[in-house]
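Enquirer: Listed here are the chains, written in short residue letters.
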Amino acid sequence: MWRVGTVVALHNETATARTITLEVRDWPGHVAGQHVDVRVTAPDGYSAVRSYSLASAPNPEGRVQITVERLPKGEVSPYLTQEVVVDDRLEVRGPIGGWFVWRTQQTEPIQLIAGGSGIVPLMAMIRSRASAGGVAPFRLLYSAREPGAIFYRNELQAFSDHEHSVSLTYAYTRSAPKDWPRPPSRIDAALIANATWPSNLVPTCYVCGPTSFVESAAGLLSACGNSPDKIRTERFGPTGDRQ
Amino acid sequence: MTSDTHDYLDGNAAAGELSKIFTMDVTVAEGQCAHCGATKRFAEAHLYMQCPGVVARCAVCEHVLLRLVSVRQRVFLDVRGMTYLSLDTQLQDSI
Chain A
1 MWRVGTVVAL
11 HNETATARTI
21 TLEVRDWPGH
31 VAGQHVDVRV
41 TAPDGYSAVR
51 SYSLASAPNP
61 EGRVQITVER
71 LPKGEVSPYL
81 TQEVVVDDRL
91 EVRGPIGGWF
101 VWRTQQTEPI
111 QLIAGGSGIV
121 PLMAMIRSRA
131 SAGGVAPFRL
141 LYSAREPGAI
151 FYRNELQAFS
161 DHEHSVSLTY
171 AYTRSAPKDW
181 PRPPSRIDAA
191 LIANATWPSN
201 LVPTCYVCGP
211 TSFVESAAGL
221 LSACGNSPDK
231 IRTERFGPTG
241 DRQ
Chain B
244 MTSDTHDYLD
254 GNAAAGELSK
264 IFTMDVTVAE
274 GQCAHCGATK
284 RFAEAHLYMQ
294 CPGVVARCAV
304 CEHVLLRLVS
314 VRQRVFLDVR
324 GMTYLSLDTQ
334 LQDSI
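Residue numbers (the working numbering), protein chains in the order written: chain A, 1 to 243; chain B, 244 to 338.
So here's chain A without its partners, still in its complex pose (with noise of 0.2 Å):
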């Protein structure tokens, strides 16, 4: 069931993604994690549908938040990170999904895996965490091109700069800042060694980002000896504007 969503506010969060609020009608709430559709229509009636992770916490107000990359030979993401303005109006499906999400129920530690884009689904469970006063602990590992591409850079800090609150550790993989500690490279054994829980805490992982990169994480948590089974991933793949 395709549902109106109002734009009511933009916010640039690095220069190609932008993250777009929207005012849902009769929007039933949502989980952390779970996606929308959203469905954009020509004028000559050509309609294309793309999948976006949602990256706000429930909310009684009904608003959600998508955050898109503007990828370039996209069809639909440089509509919404260039054109969008507030007051139009998008066709949104959804929540969709109930197997990538965290519940404010579960007590367990959490390791968050994001590549690029990937952190959308996992800051909504950051935030899900926080507006439910959540006291789970919380590991993020965050590899981005580079310090310029990463989304949601302050509030990620105030979250790591909180106590009991979000372990954060940044990895890049083209530039790093000087004086980095780690060169820039793709997630690596020792990486996952050292940012990660010790899977004898057997904690929940949830990994999200390209698909090549999903593979690769996914497959280090499990030389760790984190069981299959706590592993949920969710990959976005390298056709469409899936993110």
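Calculated directly from the structure, the hints in this document are not laboratory data. This list has only true hints and no planted wrong ones.
Here are the computed lysine-lysine pairs in the DSBU-like style, where the Cα-Cα straight-line distance is at most 30 Å: (1) A:Lys73 to B:Lys263; (2) A:Lys230 to B:Lys283; (3) B:Lys283 to B:Lys263.
Dock chain B against chain A, hints included.
Expert: Positioned in the frame of chain A, the structure of chain B alone reads:
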């Protein structure tokens, strides 16, 4: 393993398309592969979307579990690759 084998998503990505047909969220259901007998969550299947529709394959043996194709106003669903689907109604109520 070639890079082509990495061109899949997770079964959870099919949730929107499947919601056209099913009132319950099929991605959290357990399904048994009719080929190798593995029983896993549908969300864990390998999903191929670079085709005219959606193809889900078993994460263990890569046998086709489900095909879903929309042609104009008609939706075609083929689930013969699964012996059964098992859905937790209590979990569904909480989604």
